[in-house]
Structures are given as structure tokens and as C-alpha cells.
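Chains as they are written, first to last, in my numbering: chain A, 14 to 230; chain B, 14 to 230.
Please keep in mind that the hints were generated in silico from the structure rather than gathered at the bench. Watch out, some of these pointers could steer you wrong.
Identical copies go unnamed one by one, so any copy, or any two together, can satisfy a pair.
In silico DSSO-like cross-links for lysine-lysine, where the CA-CA straight-line distance does not exceed 30 Å [what the hints assert, rightly or not]: (1) Lys59 <-> Lys230; (2) Lys216 <-> Lys110; (3) Lys229 <-> Lys110; (4) Lys216 <-> Lys60; (5) Lys230 <-> Lys60; (6) Lys230 <-> Lys110; (7) Lys163 <-> Lys110.
2 protein chains.
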Amino acid sequence: MSKVRVAAFSISIDGFGAGPRQDLNNPLGVRGLELHSWFFSTDIFKKMHGTGEGEKGVDNNFAAQSFENVGAWILGRNMFGPVRGDWVLQPEANSWKGWWGDSPPYHVPVFVLTHHARPPLPMAGGTTFYFVTDGIESASRQAKEAAKGKDVRIGGGVSVIRQYLTANLIDEMHLALSPVLLGEGEHLFSGINLHQLGFAPDKIVRGENATHVLIKK
Amino acid sequence: MSKVRVAAFSISIDGFGAGPRQDLNNPLGVRGLELHSWFFSTDIFKKMHGTGEGEKGVDNNFAAQSFENVGAWILGRNMFGPVRGDWVLQPEANSWKGWWGDSPPYHVPVFVLTHHARPPLPMAGGTTFYFVTDGIESASRQAKEAAKGKDVRIGGGVSVIRQYLTANLIDEMHLALSPVLLGEGEHLFSGINLHQLGFAPDKIVRGENATHVLIKK
């Protein structure tokens, strides 16, 4: 059955999914990149970026699974880019096409949550960015329809996942616990009662550079 | 060198060290016992309680290490017992000698933080409970002296560990991440910046029933 899921989402030992003070130089917040070291070492990541071979063990399997059977994505606007405010009024904003170059690694429809309308943006390789201005439930409906029976992956960031959790629209989550203490930043679960939402642990697996935590309903 | 450490302290995936609504029936809060399943399965726990043999793998090694080279303990009063308020005015309070029977598993001096004075309580097997009324720093000093060069173990609960962390009096922590989502309860790290306090990850090891997370300065 089609699921709405979070996958390969990295958090620190102390529960942060991004560092503090996000800006152009720190799109994941200060020290946020450290959370993703495990992913950068995987074969699947290196192949995507044409940077040779990577680690092919447990971490790589989880990274691969995170892309399998995904029919559509949902991203927050900050994950799409550093632009804030209206697209049209800022010439440089309207030319922004995501962090990923001409052929983004999605290859399916991607729904970007934003307060500012923008026409759909078709890219090479099957990715089209759709800009959704009428809220998370609408994005979820559109993504499910576009996914045609496959899963919808909520890419993040933290704020988007928290909104979907609070609305109880997520079926399962795969978190990659990185050996990092951020101390501050965006906490993924603070104030959210996962037990009450119906989540239970599924499994915990130690990978080469991260510990994989799966929770589902 | 002598260290002040937290060891074998169990937390849930969502970061809680105890459940909510602690009382006589739920000394660890609602569902708090679930956090400790990994420990109850170990050989060291079963031997202590004369309930046969237990698991002798990774979890058991970490449980054993948590007791090694410990010269004194510090406990919050709630970990010592369910009694609240003055000891002397409550006849049943003054007869409370801890949760552990006549021969507690400490075998060294144990300093119990409380607002209410009570004479030291020597027990069988080398344990003596000392009741400290002048604060955590005093307890730390007394415990270090009593430990005679060995480590001081902060037993808990959550509130006591948080107080010692905030005062930056802890050198290392071994946490046992249990496959449990509590959803609510006493959060161990919320609002505490471990990075700023100087902690860094040391290692993460998957045991049979828990994942062991070591952080140190």
C-alpha cells in the first residue's frame, strides 16, 4: 500500500535534524552538514554525484531503500533553496531551480511547500517541481495522486516533518542517528508525542557511520 | 583519573529517561520500566537478583562496566524511595531503607540528595546511605572524597543528571538507547547544550536489546 514516509533523515544524538542559524553558507544550519557524513560516504551518493565508489554496506542499503518505490516527494521551501519571499519580484529568485543542477536526483514530481505561487518547473531526468501554496494537506493529496500508488517521501526539513507529524499524516520514519552532538538547532521531536500518534519502534540497526532507527504505525 | 560519570542510563528513542506521572505503582513513571528491559535481561542483573542466568553479550558487558571502578554513588531522593517531605515526622518514612532490601547492590557509600536531614544509614554488604541536604556540589565533593580515587557514579534520576550537567560536573555518560517511544515523561537533554558543555560522541555500539551511546569530554 502507498505510504507517506520519511526516510534517511539524519538526526544528532541529541535529537537535532538541522543546526542553528541557517543561511546561504550553512543551508543545513551551523554544523548541520555533519549529520549527513554517513550518507556522503555511501556508494549510492557517490554514484549520484559522479565521485567514484563508496561504502556498500548497511548505510548504503538504507540509503538505497530511501529512494525505492518513491512516486513523489514533498519538500519545504528551504530545502528547495535559499530564496525567501515572492519569486516574481526577485529576478534572481525566479531563476533558482533547486540545489541540484539541471537533472535533480528525484526523477518524479516534487511538491515544494511555499507561500508564494510559481509555475511548475520541469527539469531534466523526470523531475518536475510543483509549488504548493495551499498547505500541507493539499500537498499531501497532490503528491499521493502524482505518486500513482507508490510512496510519498517527505524530504524535510525539520519544520515540514513536524507539521506532517502533528497533522498525523506520516506512516513511517527511517531516521539515521549520526554520532554528532549539535547542542542546538532544530529539534525533530520536541513536544511531539510519537507514542500518542500511534508510532512504535520497528527496528534499530547499526550501520558503518550511522545507527538506523525505524518507527512505524 | 577519577571521573564523575553516568552509566547504563536508559533513554527512549525520543529522549525520555523516565515516564510521566511517577508514583508508588510507577516509580519510573508510566511505562518507565520498559526503558530498562535490556538491563533486566543481562546476566549481571539476573545474578544480582538470584533469578538465574541472563544474556552475556554486549549489553551485559556494558552493564558490568557500569559497576566497575565505582567508589561512590549519588542518587536523587526519588531514586532512593517514594517518601516525600520530612523523614522524622513520618514514622513509615524513617523506616524506609531504599528499594533494594537489606543488602543493596552498591557496596560503597551512596549519597542521597534530599532537602530533609537524616542520619547515615549503614546497610549490609558495604553500602551506607548518606543524606546530603546542602546541594549537588557538596554531594559531589563528599562522594569524590569517599570514592578514594575511584569514579563517582551519578545514578539518576533525570532531574539529578540534568542538575549535574547544567553545573558541568559530569565527565562522561553511557546511555542505553532502548527501542521504546515514550512520547512524554522526563526528557534527559531538553534545553541542555551538550556540545557547549564540551561533550563529544565517543562511540555507539549496538547491543542485543539496546544501543549504547558513549559521550565524553
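We went through each hint and held it up to the structure:
1. Lys59 <-> Lys230: neither (32 Å within a copy, 33 Å between copies)
2. Lys216 <-> Lys110: neither (37 Å within a copy, 39 Å between copies)
3. Lys229 <-> Lys110: neither (33 Å within a copy, 43 Å between copies)
4. Lys216 <-> Lys60: both (28 Å within a copy, 29 Å between copies)
5. Lys230 <-> Lys60: Neither. Shortest intra-copy (33 Å) and inter-copy (37 Å) distances fail the 30 Å Cα cut-off.
6. Lys230 <-> Lys110: Result: close neither inside a copy nor across copies, 35 Å intra and 43 Å inter.
7. Lys163 <-> Lys110: within (25 Å within a copy, 60 Å between copies)
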